[in-house]
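**Student:** Sequence:
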Amino acid sequence: AGAANAAEIYNKNGNKLDLYGKVDGLRYFSDNAGDDGDQSYARIGFKGETQINDMLTGYGQWEYNIKVNTTEGEGANSWTRLGFAGLKFGEYGSFDYGRNYGVIYDIEAWTDALPEFGGDTYTQTDVYMLGRTNGVATYRNTDFFGLVEGLNFALQYQGNNENGGAGEGTGNGGSRKLARENGDGFGMSASYDFDFGLSLGAAYSSSDRTDNQVARGYGDGMNERNNYAGGETAEAWTVGAKYDAYNVYLAAMYAETRNMTYYGGGNGEDNGGIANKTQNFEVVAQYQFDFGLRPSIAYLQSKGKDLGGQEVHRGNWRYTNKDLVKYVDVGMTYYFNKNMSTYVDYKINLLDEDDDFYANNGIATDDIVGVGLVYQF
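Be aware that the sequence shown starts at 741, since it is given in the working numbering, and climbs by one per residue.
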């Protein structure tokens, strides 16, 4: 749910407040015990704005997620997804700071449109400027200062987030896992929306890595004995396109990352790692029928390049290339009305279950079927 489905609860004297949310009764079916079972959650948020003068508007947004598939009082079951405040200067753009989406997601959002899965080849929460993340100052400009309709761009700076603090869903005050640390960095995105439904876009980010990350990778450069990247800079770039017209939705993106994408248990567990390089591709096609049905088909792949820490023979270490994510997704959503929907989403995992790499690094190779019933406002 988002602002498009928001319920306006106050609008007076230049002050406006919208409330939005959803409840998703969701269950996964999979042979992998870590995925199988209840995944239900609720989400709520608000968007507010205040008219300061003819040229200046203040705004803020907050969004919160609550898991409803665990017992009461057990673990960290809720967390803030978004929380930022900003100022909009008419046609001169907007500036905000807080917990927000990284600018790389401006392009990734086009393919992150599946009923349940998707958007996961390289987009990882609290990993640099790939998805939702902390401490980002963002400048956005729509229609290029009002001079070129459809030309949009964004500039973003992220301050360092090292060991102290917590990532999304990890509870308050806990230490960050290694992959969720970041040094200072910047990013940018640009897109052009044609008047017939086509949009083209690109984004780039570059950040310093933390001392902990570089040390875990044995310093700058690559090390064939280490499954953790050791470079001092983390980079990502992406290009994408989407077409959204006449009930047809098509989107595709390609992206590469350096020294930032974790795989398997590389989010801080004993197995897995952080890839020296990844190459990522996503494509999705959907059609919205007038009677409410929206079928969806997609293909997603992330290939890890020059992965270290792979012992080919005893004492013989060698870089290797492995698919980290690879699946076909077939799903459909049925909208009863704008507030109620149901969906089924089938993730057909194409990773080789006979390859020891996946078992050794905690990467699931089983299919998953997700079935959900959603109320949103």
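I should point out that these hints are in silico values taken from the structure, not numbers from a laboratory.
Watch out, some of these pointers could steer you wrong.
[As the list claims (entries may be wrong)] For lysine-lysine, the following BS3-like pairs were computed, each having C-alpha atoms within a straight-line distance of at most 27 Å:
1. Lys1078 with Lys762
2. Lys752 with Lys807
3. Lys762 with Lys787
4. Lys787 with Lys1078
5. Lys1066 with Lys917
6. Lys1066 with Lys1045
7. Lys1062 with Lys1078
8. Lys1017 with Lys1078
9. Lys807 with Lys762
10. Lys752 with Lys1078
11. Lys1066 with Lys1078
12. Lys828 with Lys807
13. Lys828 with Lys752
14. Lys917 with Lys1062
15. Lys752 with Lys762
16. Lys1078 with Lys1045
17. Lys917 with Lys1043
18. Lys917 with Lys828
19. Lys1078 with Lys1043
20. Lys752 with Lys917
21. Lys917 with Lys1017
22. Lys756 with Lys1045
Predicted model only: the values in this text are computed from it and were never measured.
**Student:** None of the hints should be skipped; say for each whether it holds.
**Tutor:** Against the structure, the hints come out as follows:
Of the pairs offered as hints, the one joining Lys1078 and Lys762 holds, with about 12 Å between alpha carbons and a cut-off of 27 Å not exceeded. Among the hinted pairs, Lys752 with Lys807 is inconsistent with the structure: their alpha-carbon atoms are about 34 Å apart, more than 27 Å. For the given pair, Lys762 sits about 15 Å from Lys787 by alpha-carbon distance, which is consistent with the 27 Å threshold. For the given pair, Lys787 sits about 19 Å from Lys1078 by alpha-carbon distance, which is consistent with the 27 Å threshold.
Restraint check for Lys1066 and Lys917: satisfied, since their Cα atoms lie roughly 25 Å apart, inside the 27 Å limit. This hinted pair checks out: Lys1066 and Lys1045 have alpha carbons roughly 14 Å apart, not beyond 27 Å. Simply put, Lys1062 and Lys1078 have alpha-carbon atoms about 42 Å apart, too far for the 27 Å limit, and the pair is violated. Between the alpha carbons of Lys1017 and Lys1078 the distance comes to roughly 41 Å, so the proposed pair goes past 27 Å and is violated.
For the given pair, Lys807 sits about 12 Å from Lys762 by alpha-carbon distance, which is consistent with the 27 Å threshold. Of the pairs offered as hints, the one joining Lys752 and Lys1078 holds, with about 26 Å between alpha carbons and a cut-off of 27 Å not exceeded. Note on Lys1066 and Lys1078: the hinted pairing is violated, with a Cα-Cα distance of about 32 Å set against a maximum of 27 Å. Restraint check: the Cα-Cα separation between Lys828 and Lys807 comes to about 34 Å, which exceeds 27 Å; the hinted pair is violated.
Our distance criterion of 27 Å between C-alpha atoms is met by Lys828 and Lys752, whose separation comes to about 19 Å. This hinted pair checks out: Lys917 and Lys1062 have alpha carbons roughly 23 Å apart, not beyond 27 Å. For the proposed pair Lys752 and Lys762, the alpha carbon gap of about 26 Å is at most 27 Å, so the pair holds. Under the criterion of a C-alpha separation no larger than 27 Å, the hint pairing Lys1078 with Lys1045 is inconsistent with the structure, at around 43 Å.
For a cut-off of 27 Å, the pair hint linking Lys917 to Lys1043 stands: about 23 Å separates their Cα positions. Using a Cα cut-off of 27 Å, the hinted pair Lys917 and Lys828 is violated, with the two alpha carbons roughly 35 Å apart. Between Lys1078 and Lys1043, the direct Cα distance comes to roughly 38 Å. Violation of the 27 Å bound is thereby established for this hinted pair. With a C-alpha separation of about 44 Å, the suggested pair Lys752 and Lys917 falls outside the 27 Å cut-off, and the hint is violated.
About 20 Å separates the Cα atoms of Lys917 and Lys1017, which keeps this hinted pair within 27 Å; it holds. Taking the CA atoms of Lys756 and Lys1045, the gap is near 49 Å; set against the 27 Å cutoff, the hint is violated.
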